[in-house]
Structure formats: C-alpha cells, structure tokens
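*Asks:* For reference, the chains in residue letters:
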Amino acid sequence: MHDLPLVVFTILSQLILGGFVTLWWIDRKKTRISRKTGLLISISFLILGGVSLLVSMLHLGQPFFAYRAILNFGVSWLSREVTFYGAFVGLILAYTWFWYKDDRAKRSTIGWITSSIGVVAIFSSAKIYMIPAIPAWDGVSTLFAFFLTSILLGPLFVAAILAIRGEVNINISGLSVLTLAVTAVVMAGYFSSLLAGLPEAVETARLTFNHIFFWIRLVTFAAAFTILFLSYKNSKWQNVKIYSVAFAVLLISEFLGRVLFYETAIHL
Amino acid sequence: MLADNVSRRTFLKGSAALSTLLGLGAIGSKATNGLVPTAAAKSNSQKQQFFNACPRNCYDTCSIVTTVEDGRITFVTGNENNHYTKGRLCVKGNTYPRIVYSPDRIKYPMRQKGRGSGNWERISWDEAYTIIAKKMLDIKKEYGNTLPICLNKYSGNFNILNYATEGMLSSIGFTTRAQGTPCDPAGSDAQAFDMGTAYNNDPEQFMDAEYIILWGANPAWTSAHSMYFIEQAKEKGTKLVVIDPLITQTASKADEYIQIKPSTDGALALGMIRYIMDQHLYDEEWVNNHAIGFHEFVSYVKKNITVEWAAEKTGVPKPVIERIAREYATSKPANIWIGFGMQRHTNGGSMVRAIDALAALTSNIGKKGGGVNYIGGETWGFNYHTMSFGAPEGTEGEADRYVNMNNFGAQVLDAQDPPIKMMWIACRNPIAQDPEPNVVKKAFDQMDLIVTADLYMNQTVEYSDIVLPVTTPFETVGINVSYWHYWMNANEQAIKPLYETKSDLEIAMGLSKKLNELEAGSCTFPVSGNLVEWVEKEFNDDIRKLFGVKSWDELRKNGGTVKASEKVTVAWEDLKFRTPSGKYEFFSKKAVEYGHHPLPVFIEEYKANNEYPIRCISPHWKLGIHSQFQHIDWLGAIQDHPFVEMHPDLAKKYSIRENDMVNVRNEAGYLTLPAKLTKTVPVDTVVMYEGWWKDVHYTENFNVKALPSDMGDYSKGQRGIAFHDNFVKIEKA
Amino acid sequence: MTITQETVMKPEERSFYYQLFCHYYRGDLLQLTRKQWKQVVQIIKEYQYTSLLDEVAQSLQVLEEVTERNIQTFEYDYNRLFVGPNKLLASPFESSYRNYEGNVLQQETLNVRNFYRYVGLQVANEGQIPDDHIQFELEFILHVLSQPTIEDHRQIYKMFLEKHLLQWGFKHCELILQNSQNPITHAMAVILKEFLQLEGGNKDVS
Amino acid sequence: MAKKLGFLVNIERCIGCHACEISCKSFYQLEPSMRRRTVRELPEDLVGSPVRAFVSTACNHCDEPACQKACPVGAYTKRDEDGIVVHNQELCIGCQMCGKACPYGVPQYNPVKKKMDKCSMCYDRLDVGESPICVSKCPMEAIEIVDYNEVQPSGTVSLVPTFADPSITHPTTQFILPKPGKQFRRA
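Protein chains in written order, with this note's numbering: chain A, 272 to 539; chain B, 16 to 748; chain C, 224 to 429; chain D, 25 to 211.
Next comes chain A alone, as it looks inside the complex:
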C-alpha cells in the first residue's frame, strides 16, 4: 500500500504524544517513577520518534531533501506539522536529558512545553488532511480521530511499561473506557455524515463497510472495550497482561482504522 508510511507515521506520532503527556503528567503529580523507568520510557519515545521520522521520509520521492519540508511554514500545514513534530521530538531529547540528570523541576517545565508543541504538531497533522478535495477527510472528525488515537494508545503504552517495571500501578482503564466511548460516538457521527454527504463521501462509506479491515476493527474495538471495562470494574484486571493485551488489540484496531482512512479516501 502506497500510503503505508503515513499510516505508520501518524499512528506513531499520536502514540508518542499521548504517551509523553501521560508520562509528564504522572511525573509532575509527584508520583514516584524511578529514574531508570522514566529514562526508559523517555528513550522509547525518542526511538519511536526517530523511527516515525524515518518512516515518514519513505513516503517522499526525495527523502534526502526532507529538510526542505519546513520551507513553507507560513502556508502549509504539512510544513507546520514537520516543524512542530521535529521540535517535539527534539524537546523529548531535552526532556530525556533531564531524566538522565534526574532534574525533576526542569523536566516538568520542558515537559510542559514539549506537550504543547506536540499537541500543535498533531493538530497540524490533522489539518493536512482536512481538505475539500477529499470529502471523507474534510471535517473535525479527522481532528477527533487523531487526538483520540493519542489518548487511547499513549496512556496505555505508558501504563503497560509502568506495570512491566512493576513501579506504579496507575488506573488507566477509566480514561481508556471513556475515550473508547467517545470514539464510538465520533465514528457513528462520522459515518452518518459521510452517508449524507457528497457522492465521494458516500463512496468512502461504501468502500469502508465492504472492507474486511473495518469489521476487524469493530471486533478489536469491542474486544478492547470489554477488556478495559472489566479492568475498570475489577482491580484484579489491572495488571501487566491486561494493559499489554489491551494496548496490542487497540494498536491493531487503530492501525487498521488508519489504513482504511487512507485506503478509502475518494478524491473529488
């Protein structure tokens, strides 16, 4: 699939943002995270960030000239995305440095800036796709979808690692269940608006419903919801396995959803 690099990049970047904010938030709240674990998570973001940047370049015809992509900052959302996302990953590096230095105050400040820049980066990322030429993309649902992916995957990722490290047992399932519910509502609204929209939008809906990925996504979505709901209700279900499984299932679900996002886009 031609847009695969973009699928990987958007999912990764959104995961990193959600994860980063989660880490920063927990750390800021004076919850004890050991230096080693903090560093580990922070470095994992850095690695994922690097991977995401490399993958995104695969989408270019001229990857060696990717740096030029910031030239049209004044006009192009893609330029802004590249700039802000680049800054975001750069700031994660600084943030990581202060984990290494174990300087919590500086971490907190830098984390705050990083998070804001990250949010702007993902906002820019969504704006790239909100174009009238592709009716299925041209709406706030794209914005919702991107940030909901962040909120779904990021915190779970961090929770899973924290659980693995056996450090802090944060109850993330409440947030996740809520996000999943919101996602379900957004999806329902999205498809009904597609069906009521331009012929190209209707075609997107038709393609989506006829696509096996859509049904796998629904099933994985329901499975994740069930697991997380049980986890929310029952503290026994708040452990490494559950978080890891839920994360994996949701990652698949989101990935397939994003594949569909690109695959079923019908140009005017």
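If you are wondering where the hints come from, they were derived from the structure by calculation, not from laboratory data. Worth double-checking, as some hints may not be accurate.
Unchecked claim - List of simulated lysine-lysine pairs, DSBU-like, C-alpha gap at most 30 Å: (1) B:101 <-> D:203; (2) B:122 <-> C:310; (3) B:251 <-> D:206; (4) C:416 <-> D:137; (5) C:416 <-> C:268; (6) B:122 <-> C:416; (7) B:276 <-> D:28; (8) C:386 <-> B:511; (9) D:137 <-> B:694; (10) D:206 <-> C:386; (11) B:128 <-> B:528; (12) B:333 <-> D:137; (13) B:62 <-> D:137; (14) D:203 <-> D:28.
Chains B, C and D: place on chain A using the hints.
*Replies:* Quick look at chains B, C and D alone, frame taken from chain A:
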C-alpha cells in the same frame, strides 16, 4: 580500426585465445560494426527543421515539420504553411517520435525457420536479396514465367516513390497482383458512371457551404482537419446535417442528426428526390443542358418512389425527409460528403448514384462550396517513373494476372496454371485486415516463400519467411498528395535510417542488382540511384503547372507544401463530365455494360437471417488507421483494449452488463471482447472498431465474410467488400 | 554471495570479460560449435573469479554441456531477446531502460556519445544504430582500459561504468533471465550479471 | 493591471481526439503514464439526447490554488503578472500532498523522477509570445488562453458534470458547453 596493436599488447592469454578461437582479430577490427576513431568534428547539434509528409491512407495527408537535434527527432508537428494541416496533427501523427524510436522496430532483414515458429535468424541484405532473387529465378525457370509470384501491396504508405515495389516486380516479367481496394470501389464506380470519375471539391470549401450533409462520414475521427472547417462553417451559420446509422462523434456535433436504417441511404435520397421533383425544386436548366437521362430518371422515380415508401424503408419520418429535402434543395451551395462506410454494402454503389442524382438535379455539382464529395485524384498525375521500366526482353506472356484483393485468400488458392508460389507483401497486413483471415492463412500455407516488408512485427510478419525492415517517412525521401485535399507535400530525409532499414525503392534497387548479378538482364529496374534524383523524376509539366512549383527541391525550400491551382479545387466547375456523353449521366450505358441498372435505382438491402439477427458494423477507430498506430503504447495509454458497443436495451436482452465479455459470432468465426453500453448505437446493431490486433488473438475481421459490394470493377478492377452487411449473434461469454 | 574487496579482478581478467561480452553482443558467438563452447569455458576457467562464485561455476558447466539442440535454438532465443523482429524481450539499448517510455536515441544516448567522443571515438554508423547498444558500451570500456595513454583513463572508466553500464546492466540481465528459453543465453546472463556485480565493487549500485 | 490567464475549453468544438494530450506529452517528453493534459469522456446524456462528448483539462491555474497551500517546500508559486501556477520541480520532494489537495487531482507523481509534475500553461512559451502546445496543436482550435481580467466571455461555465465545486479553489478555466442538436432516432 581501433588501434589493434595496442589492444593486443594489453590483452593477455585469455583474450588472445578467444580472438584466435573466434577467428577474429581483437575487438574494434571490424570497421563497420563497432567504434572507430572520430571522423569529423561533433555533428551539428543545432536545431534543424525538416519537412515531412504523413504517407498514411488518410484524407488529411498532413504536411509535417520535424525538429531534429543532434541527428535525432525531438518533436514532430504540423506544418503551418499548409492551410489544411494548419500546423496541427491528429493524435496519431503526434506519436511519430515513438514510432521512429521504439526499440521494437524491425531492424534487420531476418529469416524465419518455420513459418509462425518465432524462430528468426538475422541475415544480411545480401543474403536476403540472394534468397529472394534465386527463388524468383527458379520460379521463372520452372514455370516459364513469373506469374507464380504474387504482390499484395496497398495503402500503408502512399509516398509516390513507394510504387517502386510494383515497378520492380513489373521489371522481372508478368506477375500476379492483388487488385482492387477494400476502401472506396463501389462509390467510385457510382461516381464514374454518373460523372466519369470521382472528383471532390476542396474540403476547405466547407466554409463556403450554406448547407452541409455528412452522409455516412465521420470526419471527427477520420479527418480531423476537415472537421475543423465543418465546425467553423457551422459556427458562422451553415446548417450541419449528419445522416448515419450511428451517433458518431461527428453526429454528436450536428445541428440535426438523422438515424437511418443501415443500407437504406439510397431510399432516403430517392425519397428526397421524389419530393424535390414534386415540388419543382430542381434546376431544370441544369438537368436539361448538362445531363442526360433525366426524363427516364423522372419516370422511374414517379413510378417507383414515394416519400412514404422512403420513410417506411429508412425509418426516417416523412416530415423530416420532406424538410431536409426542401432545405437541401433551396440552400446554395449545399455540400454533401459521402463517407466510405456508406458504400460498404451490397447495394452501396447504387446508393451513391442516388445521392449523386440528388446533388445533380439541385445543380449543386460544379459549385464552389457545393458538390457531392466522395474522393478525388486530380493531383495524382505524377510520372510514376518507378513503374516505367517494363518487362525484360523476351518475357513470355502478355499481362499481369489479377486476384481480387477483397477475396485474396480464396482467389490465391484458386489460381492455377501456374499456381501462386511466392508472395511479396508491402504496406499491408492482410492477415489482420482481410476478411476471413483463416482462408488467407491457408493461402499462405501454399507458398514456397513469403517476403514481407514492414516497420513492426504483426500477424502477417509472424507468418512470413523473410522480413525486410523498412524506413519511416523521416528516414527517406518522397512526395505525397491526398485523395481529398489539394496540397502536395514534400518529404525530406530528416534523419539517417535507423539500423538497416531501407525504403521500398531502395529494396527494389537492391533486389534488381542481385537479380542481374545472378542472371544478367533478368530485371529492368535500375540497380542504383539517388533518392532525390528519383523523386525529381516524378515531376512533369502538368504537375509543375498544377502546383506552380518547378521541382521537389524548390518545394522543400519553399515551405515544403503547396496547394494546387484554384481551378481544380472546384470539381466539375466547367461541367465537362468525363462520361461517354460528356454530360452528367442519370442514365448510364456504362453501368449497363457492367451489369447494373442504367438509372440510380434502389436495390434491396442485404438482410439478416434468423440465426444471425444482429448487424455488426466495424467502422474506423479514432486512435488508428487500419492496423497502423493502434499498437503504439502512447495511444494504448488512452485505450488499451478493444470493445464492442451495444445499446443498453440490447445488452439487457442478453443479460450483458458494462465490461462483460461478449461472444460475437457468425459462420465465419467469432471473437470475445468486453461490452461497452451506449445509446449512441441503435438497438439492433453492435459496433466493433476496425484494426485492433494488439494483445489479442483475433481481429474484427474474424467474422467478416468476403461478401462483395455491388460495384467497383469498372474503376478499380474488382468490387469492394460489404463490410457492414455483416450479421452476427451475441452471447455473454 | 557478498563480494569483498579482495575479489577485485586483475586488469587483464577484466579486459577479457569485456572482450567476451563484446563479442557476444556483436553476435560472434552465435556460430560456435559445442567443442568451441567447451574451449571458451576453458579460457574463462583460467581466471580466478569464476571459481569464487557458485552461480558462475554452474553456468559454466551449463555452457560446457550444451547440446546440439541448445546450439540450434541459441540464435533464435538471442534474436528474441536482443534483435527482433519481435518486440524485444531484453533490449540491448541503454536508453530503452532509462528514459521516458524506453525510446532509443534519447538524451542518454547522447551522453554516451559524448564519452566516446571525449576519447576520440564514435560509432561507425553514428545516428543509425543507437550509440548505447551494450556492444559499444562494452567496447568503449575495453578501449579505455587498454589505453593507458588516455588522460584520466581510470576516471573515465569508472565514471562511464557508474553513469551508464551499471545503471541498466542489471535490469537488462534480469530481463534476460526472465525471458530466456535457452541455456546459453541464460548462462551468459548469469555470468554478465555477476561480472557487473564485481565491477560495481562494494558500491551499492542498483 | 496584472493579467488573469486561464484556459477556455470549448467542449462544443472538442471531438475527443486526444491530440492536445499527446502533443503535450510528445513536446515535454513525459513518461508513459504522465499527462499534463487529459481528455475525459463526459456522460453521454450531457445535453439530453445521447452524444459522444469529451472535455480536455489541464491545470486550472486556480485563484486559490490548493496545491500551493499543501506544498511543504513552497514549490508552487502563482505568478503575479498573469496568475499562472508554476511548480518548481527543483524544489519538489515528492510528498504528493498537492495531488491529494487539488480538487481536480492535477499534480501527478512521476514515478521515474520521483517528483510531482503538472501543466505550466507553457509559461516559457507564453513569455516569448508563443501559445501553449495544447492551444496551438488542437486540430479543432477548441482550447484558448483568455485574460479573464480583460474579457469576460459570455455563455461560459466553470463547472462541467463530474467536476469539483469551483468554490473550493476558484479555478480560472472556463468551458463552453455543447449545444444540443436535433436528433431523429429510430424507435
């Protein structure tokens, strides 16, 4: 020629051993086949422009300007000096760079071991000439004459110098020739009976017409440059009527489109004539002074034709026939263009005579902007010097023997005393283009030697023993005129011929040389000569006077194109017809001589039978000319597969949906191709476009029978083919 | 297998291969008998690089064991691949691999011509046969290699190889391997491919 | 005042012959799949009774080009003097966002150059007083360049069936729709 000594010094044992083994010197020693020291300063890298002439079998016969840089073509476009081409080429002409520089051209003379096997070996020109010449001489020895040698050459390249192939074969004695044409014969005979010959007005005069009827013609696809003038005329107020069984691209542009039942055009013309006679809208002075047989014609019409009958026959409502008749008769000048498709019926010639009569009695013939325009040949009066050498002294026999090009396979098989043993094919792809290709293949099987000269691999080359690589127009010299417009175009050599390609004329000279080497005096064709000298020999005083240009060289130096004197551009302006009577002949004794009714009468159309109820029309396709161009990938990117057009209502009857594969079948054969549903074709007819052979194992001719049209033998020697009286059944594949 | 720095050929070995393939593409090997093919293999085997590569060794064995039938169909297959009259299955012209839609005599051809001109050479029938036929490219390299008197002859050799032959040679070999119906054309393509691989050295030339 | 150049495509004249498309391709020596101008078949019931109708389109040189907004490297510029939207292939990094953002899908990815490509209205020809290839090579003279600041031709439309809403990018291309003729079809 490379410094051999240096090479030898450097090559150690392996290289030396290899050279010894191969019996060759070191690489570089073969001057003609390798790198040599630079002869001169780097070739001229400046932009040069040359004039070329599109030589295809096409109304438009364009004048081309070719841009050459570093000895290679970088752009090919129309010549602005030619007011018909107007500096613009059709879509096909725009693909010429690809045609010249495709790596898939036939590059060398080659011999096939086993016809159709695909096992080819490369031979030199000398070997090719030797094989061919020996076979010719053997045949002459065995049969005492050269009649077993058959030439099948037609319209792939109308460069006047290309008649060298005919000339070369005439220079060895009498041979068998594929005679006739699948193109225009019935209509040309009709016009020959009526007026002495087919002669059309300059198409630029569409601009002068008050009223235009395009009768079974689709210039939007087959003559884009004419379509320009028609559209311009329409925009300034000329009414454009299109009569056609199909809503063609041209019909889509008409002010009024009349869908007629196929093969009933004569009935429509006669119905209009009846109305014009009844209403006294005809030119009495004209028919009395410039025509004969009008009274006989009137009595035929009054006795046999009514407008009601015409309406019934043609499917065109009576009020429409009457209105069109009145409009046509009262607009001056009114112009009719009769397309070739209309006469490809068993009653085609007589239908053209009826339309001619319509134009005659309204005195539209001989008028600028008017006319009953079909085809013309007024500008073709060259010397045909390449055909002027005659048989060698002591040749047995009296004349060439003819087989009908339109029933080629069967007639070749039938030919006896002597049988046909060798075939020369040039400018033609008979296995793709002839009706009943399987019979043609059978005829090929009977040959001892089949030689084909062509540019690209095609079905006929696949089935040949020897293939000779030929040049594109850009690699040779020539002169071209049109059977439609009145321009003469020079063709300069713009680039060197690629690989070992040669023009038909060069091949003729080469073969003659070999024949004379093997048997002195066996061929009268010159064995050498400069192409420019050859082309200059085509000019005579009539041509010089007609075009006001002294020579080919003068033509090429002055814009590459020139239009004939205004005098000839209005057909029959002097009303001196070339009939036996010197007048327009409503009543033609010549027609009777050829077995026809003397008058333009209606002949019943060929009808479908119950088993094959659907008419199958195979018109020309916009992205090709016959089997040429359609295999070019630039055009393949626009349309990459053939299809059959059918009306949605017909498709529904057979549960066929868009793009479903459909079997189109009759007694002659079948083919399977995807359906394209369109309301532009009538419900009882399917349409397949002619000339598609790329990537399929059939052509549309697989179910075309060699059914003759009614006329053609007077002016062309043989009757035409009723291509469009082809009936089929269809089924979902 | 991976090619290491050590496997770089001796100059005379390199020249020999250029000579061999130049002959091949000139059609000089079409007339060889079985016995002569054996001899060719013997000559090749004297060089070390063949022993380094399994694939080449296998191909040489194929050449050693060609049958009369193989030799008979060799020319037909060779023509189907490189000569015609059919649509070529493995065009021997550089430009048909590199420019828009595979036309011959395009800008790439002129670039090749400039190389020839630079050392004072040209194709004998320039303008008639595209200068970038593999036969000429091979001959050009052979010439440059054998002329130490040419200024910068190493650089010219390297540049030409990188800018031209290696740019399309592999694709060409691939097409032969895909379409070959004869063991000889197949074996020669394997040997050429491996030879070009070696010429490409450690550089990542695709 | 600056010019506002745009194509005027006369569908009434267009015979769907593809000469514009192929002459452009030949002149610019574009790769096989590349088209700076394309001829498309229109629905056959366009004017009511069935006809064969085609429309030829290239870049619409929009007033508000979506390609320009999408391009991260600023490879697109709209020329001040005449409004031609020019793509600078030197700068292009082949991200293909312009192709997605253009409602007409005009910028095409060139798989050989690995960059985008689109019609430049042959500005270099216009600059020296020659007309664009498609304009000068259409056998029907169905394509023109018009300065829409100078003339406002009557009876033209900016929307033809199957086309994107012009309010998105304000394309400068205008079309002359075919006028329906009379038809007498057999029952």
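*Asks:* Each hint needs a verdict: does it hold in this structure or not?
*Replies:* Hints, verified against the model:
1. B:101 <-> D:203: holds (26 Å)
2. B:122 <-> C:310: Holds: residue 122 of chain B and residue 310 of chain C sit about 11 Å apart, inside 30 Å.
3. B:251 <-> D:206: holds (18 Å)
4. C:416 <-> D:137: holds (26 Å)
5. C:416 <-> C:268: Satisfied, since the Cα-Cα distance of roughly 17 Å is no more than 30 Å.
6. B:122 <-> C:416: Given that 30 Å is the threshold and the Cα spacing comes to 26 Å, the pair holds.
7. B:276 <-> D:28: violated (50 Å)
8. C:386 <-> B:511: holds (27 Å)
9. D:137 <-> B:694: violated (42 Å)
10. D:206 <-> C:386: The given pair, whose Cα atoms are some 63 Å apart, is violated under the 30 Å limit.
11. B:128 <-> B:528: holds (26 Å)
12. B:333 <-> D:137: violated (63 Å)
13. B:62 <-> D:137: Given pair residue 62 of chain B, residue 137 of chain D holds - Cα atoms ~26 Å apart, limit 30 Å.
14. D:203 <-> D:28: holds (27 Å)
The structure shown violates the earlier hints numbered 7, 9, 10 and 12.
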